[in-house]
Amino acid sequence: MNIYAIKAIYRFEMARTGRTLMQSIASPVLSTSLYFIVFGAAIGSRMGNIEGVSYGAFIIPGLLMLSLLSESISNASFGIYFPKFTGTIYEVLSAPVSAAEIVIGYVGAAATKSIILGLLILLTARVFVDYQIAHPFVMGIFLILTALTFSLFGFIIGVWADGFEKLQIIPMMIVTPLTFLGGSFYSISMLPPLWQKITLFNPVVYLVSGFRWSFYDVSDVNVEVSVGMTVLFMLACIGTIYWMFKTGYRLKS
Amino acid sequence: MQPIISIKDVNKTYASGFTALQDINLDIKRGEIFALLGPNGAGKTTLISIICGIVNASSGNITADGHDIIRDYRQAREKIGLVPQELTTDAFESVWATVNFSRGLFGKPKDHAYVEKVLRDLSLWNKKDAKMMTLSGGMKRRVMIAKALSHEPSILFLDEPTAGVDVELRRDMWALVHGLRERGVTIILTTHYIEEAEEMADRVGVIHEGRIIVVEDKTEMMAKLGKRQLTLHLQTPLASIPETLSGFKLELADEGNQLVYTFDIQSQDTGITQLMHSLQNLGIDYKDLHSSQSSLEDIFVSLVRAKQ
Ligand SMILES: Nc1ncnc2c1ncn2[C@@H]1O[C@H](COP(=O)(O)OP(=O)(O)O)[C@@H](O)[C@H]1O
Ligand SMILES: [Mg+2]
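These protein sequences, in sequence, are chains U and B. Residue numbering for the first sequence follows our numbering, beginning at 1 and increasing consecutively. Residue numbering for the second sequence follows our numbering, beginning at 1001 and increasing consecutively.
Simulated from the structure, these hints should not be mistaken for lab results. C-beta atoms are modelled at their ideal positions from N, C-alpha and C, and glycine is treated no differently. Heads up, some of the hints might be wrong.
[To be verified] Below are the EDC-like pairs computed for lysine to aspartate or glutamate, each with C-alpha atoms no more than 20 Å apart in a straight line: (1) Lys7/U x Asp130/U; (2) Lys84/U x Asp1090/B; (3) Lys1131/B x Glu1196/B; (4) Lys246/U x Asp1068/B; (5) Lys1029/B x Asp1217/B; (6) Lys252/U x Glu1220/B; (7) Lys1218/B x Asp1254/B; (8) Lys1117/B x Asp1072/B; (9) Lys252/U x Asp1269/B; (10) Lys1287/B x Asp1269/B; (11) Lys1110/B x Glu1086/B; (12) Lys1029/B x Glu1086/B; (13) Lys7/U x Glu1220/B; (14) Lys1008/B x Glu1086/B; (15) Lys1218/B x Glu1243/B; (16) Lys1117/B x Asp1065/B; (17) Lys84/U x Glu1086/B; (18) Lys1131/B x Glu1152/B; (19) Lys246/U x Asp1072/B; (20) Lys1108/B x Glu1086/B; (21) Lys1140/B x Asp1068/B; (22) Lys84/U x Glu165/U; (23) Lys7/U x Asp1090/B; (24) Lys1029/B x Glu1251/B; (25) Lys252/U x Glu1086/B; (26) Lys7/U x Asp1009/B; (27) Lys1110/B x Asp1072/B; (28) Lys1128/B x Glu1116/B; (29) Lys1249/B x Asp1269/B; (30) Lys1140/B x Glu1182/B.
[Stated by the list, open to error] Just the calculated beta-carbon pair ranges, DEER-fashion: (31) Lys1117/B x Gly239/U: 32 to 38 Å; (32) Met1001/B x Ala236/U: 38 to 44 Å; (33) Ser1136/B x Ile133/U: 26 to 32 Å; (34) Asp1111/B x Ile37/U: 50 to 56 Å; (35) Leu123/U x Gly1164/B: 39 to 45 Å; (36) Phe1018/B x Pro193/U: 57 to 63 Å; (37) Val127/U x Gln1075/B: 39 to 45 Å; (38) Ala236/U x Ser1136/B: 32 to 38 Å; (39) Phe1018/B x Ala236/U: 45 to 51 Å; (40) Asn1061/B x Met173/U: 22 to 28 Å.
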């Protein structure tokens, strides 16, 4: 194991975050706060409780998930795409590092950023709405698991992308809609029966539902199913990355 | 002695279908300076990239210091430093950070004293806190060299090290290369300048259209490559070369209007004086003369012909 290399990549990536603090931390915290103000404090006060939880509190796990997904993906995809774009990737490719070490360095840093961001959002939410966390340990596990899984997914996008547009397209065209339609702002049980069934094909439903359970003990789907689906997606990402390095896909000609 | 790099039957066909390397067999000796000489597009960068692990070979085997570059990639790559042809740097990083990053990446623990020495040797020490984007092209290239040396490699690849480099850096670089060689580092550089190969290398390999045409000691190579021609524009055309001049390597050109003499600049006696004498004795007059060195392209063509 080349620990020095993992450290070098991890530090390099974290230093990049340090330089772009506004963009990578402050701006997502700000935009999430706007949601809390509008949906939590302003509109939320006029809405009834959902499954015994005030609307402002109800949307916290979903909003947190939304930031976690989009930031994990964009951090990790940019982290690997940029050296590919500038050409500095040559050094990583020629170094005595394994694929696993490269991934741990890049994905570890991206996930760390997302987790820090998630915790900051949780703290910020406290300013606007009152909430409790029923299962803090499970909540932590979900936070870490989601950050890691979607950083892995972002890494795949970064390797796959051959232009800046492609870097944006998956988060914007797929992840954001799936999160909005995945029960971030409502309970699945509020939908007509047919849509309840269709919604179950949306993987984000499982994330949001499980995450919400860890806060309020209420969920749309079984929490074990939620964890299972997340782990499954994570394994799929790891498998894809393994294949990418094995074949040199868009990394080596 | 076992070669430090051994390349066996390496072929490379890119995804586009273009074959960049064909049947490459080459051994690099421990501690030598080896120049890979070839025109643009010959496959020099491709070959180096394969050895360093940036490009996958289509077939063949390579070992570095006895380690297979695929199977034992860790041991092989630890030994290798690469200064690529293109200047690719992280614009926002400082010189100090980027060189230490390289050292870590290659699996070495922190050693500030060593990194400081590398930076001082390359006249980079007073720039250590400068961001990469604020550096000139020449300075960036120095940083690329520092990065390549950061993990104390025993094999150093320099891909077109003097392309677009000023005189001062060129001189510093040669001093550095010789210093490294004295410490036992093997150096492989690529170039498309004959003079550069001549100035620097112990051995030269000529590569053309993806094939290694010839590998020889520099002095032998230069004897072959260092041909010059003297062209005499005659007053009156000659039908044939006179008997008495048969001792000289002469050819007629331009329908007998030009007499071309080929000689070796390396030899003590070029034979020019005798030729002039003989021409005078024969009453052959000329109105103009010029000497030329055969171009690299001519040399490659003649080497390829000689091989076939
Ligand atoms: N990724 C690639 N895909 C297709 N062809 C390539 C690629 N990289 C290089 N080539 C081609 O391979 C040949 C050799 O290139 P290169 O090794 O860079 O030559 P050199 O370094 O000797 O100038 C060139 O004709 C070049 O166009
Ligand atoms: Mg080249």
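For each hint, the structure was consulted:
1. Lys7/U x Asp130/U: violated (39 Å)
2. Lys84/U x Asp1090/B: holds (11 Å)
3. Lys1131/B x Glu1196/B: violated (32 Å)
4. Lys246/U x Asp1068/B: holds (17 Å)
5. Lys1029/B x Asp1217/B: It holds: about 12 Å lies between the C-alpha atoms, which stays within 20 Å.
6. Lys252/U x Glu1220/B: With a Cα-Cα distance of about 38 Å, the restraint between lysine 252/U and glutamate 1220/B is violated, given a limit of 20 Å.
7. Lys1218/B x Asp1254/B: Cα-Cα ~35 Å, so violated.
8. Lys1117/B x Asp1072/B: violated (30 Å)
9. Lys252/U x Asp1269/B: violated (53 Å)
10. Lys1287/B x Asp1269/B: Distance ~25 Å between lysine 1287/B and aspartate 1269/B Cα, so the pair is violated.
11. Lys1110/B x Glu1086/B: violated (27 Å)
12. Lys1029/B x Glu1086/B: Not satisfied, since the Cα-Cα distance of roughly 26 Å exceeds 20 Å.
13. Lys7/U x Glu1220/B: violated (49 Å)
14. Lys1008/B x Glu1086/B: Roughly 27 Å separates the two Cα atoms, so the pair is violated.
15. Lys1218/B x Glu1243/B: Roughly 36 Å separates the two Cα atoms, so the pair is violated.
16. Lys1117/B x Asp1065/B: violated (26 Å)
17. Lys84/U x Glu1086/B: Given pair lysine 84/U, glutamate 1086/B holds - Cα atoms ~13 Å apart, limit 20 Å.
18. Lys1131/B x Glu1152/B: violated (24 Å)
19. Lys246/U x Asp1072/B: Holds - the C-alpha atoms of aspartate 1072/B and lysine 246/U are around 15 Å apart, at most 20 Å.
20. Lys1108/B x Glu1086/B: Cα-Cα ~25 Å, so violated.
21. Lys1140/B x Asp1068/B: Violated - the C-alpha atoms of aspartate 1068/B and lysine 1140/B are around 32 Å apart, more than 20 Å.
22. Lys84/U x Glu165/U: holds (15 Å)
23. Lys7/U x Asp1090/B: Status holds; Cα separation ~18 Å.
24. Lys1029/B x Glu1251/B: violated (41 Å)
25. Lys252/U x Glu1086/B: Judged against 20 Å, a Cα distance of about 16 Å means the pair holds.
26. Lys7/U x Asp1009/B: The hint is violated at about 37 Å.
27. Lys1110/B x Asp1072/B: Distance ~24 Å between lysine 1110/B and aspartate 1072/B Cα, so the pair is violated.
28. Lys1128/B x Glu1116/B: holds (9 Å)
29. Lys1249/B x Asp1269/B: The given pair, whose Cα atoms are some 14 Å apart, holds under the 20 Å limit.
30. Lys1140/B x Glu1182/B: violated (25 Å)
31. Lys1117/B x Gly239/U: 32 to 38 Å: violated (45 Å)
32. Met1001/B x Ala236/U: 38 to 44 Å: violated (50 Å)
33. Ser1136/B x Ile133/U: 26 to 32 Å: Between serine 1136/B and isoleucine 133/U, where Cβ atoms are some 55 Å apart, the hint is violated.
34. Asp1111/B x Ile37/U: 50 to 56 Å: holds (52 Å)
35. Leu123/U x Gly1164/B: 39 to 45 Å: violated (52 Å)
36. Phe1018/B x Pro193/U: 57 to 63 Å: Holds, since phenylalanine 1018/B and proline 193/U (Cβ atoms, about 58 Å apart) stay within the stated range.
37. Val127/U x Gln1075/B: 39 to 45 Å: violated (55 Å)
38. Ala236/U x Ser1136/B: 32 to 38 Å: For alanine 236/U and serine 1136/B the Cβ distance comes to about 47 Å; the hint is violated.
39. Phe1018/B x Ala236/U: 45 to 51 Å: Since the Cβ atoms of phenylalanine 1018/B and alanine 236/U sit about 35 Å apart, the hinted range of 45 to 51 Å is violated.
40. Asn1061/B x Met173/U: 22 to 28 Å: violated (45 Å)
The structure shown violates the earlier hints numbered 1, 3, 6, 7, 8, 9, 10, 11, 12, 13, 14, 15, 16, 18, 20, 21, 24, 26, 27, 30, 31, 32, 33, 35, 37, 38, 39 and 40.
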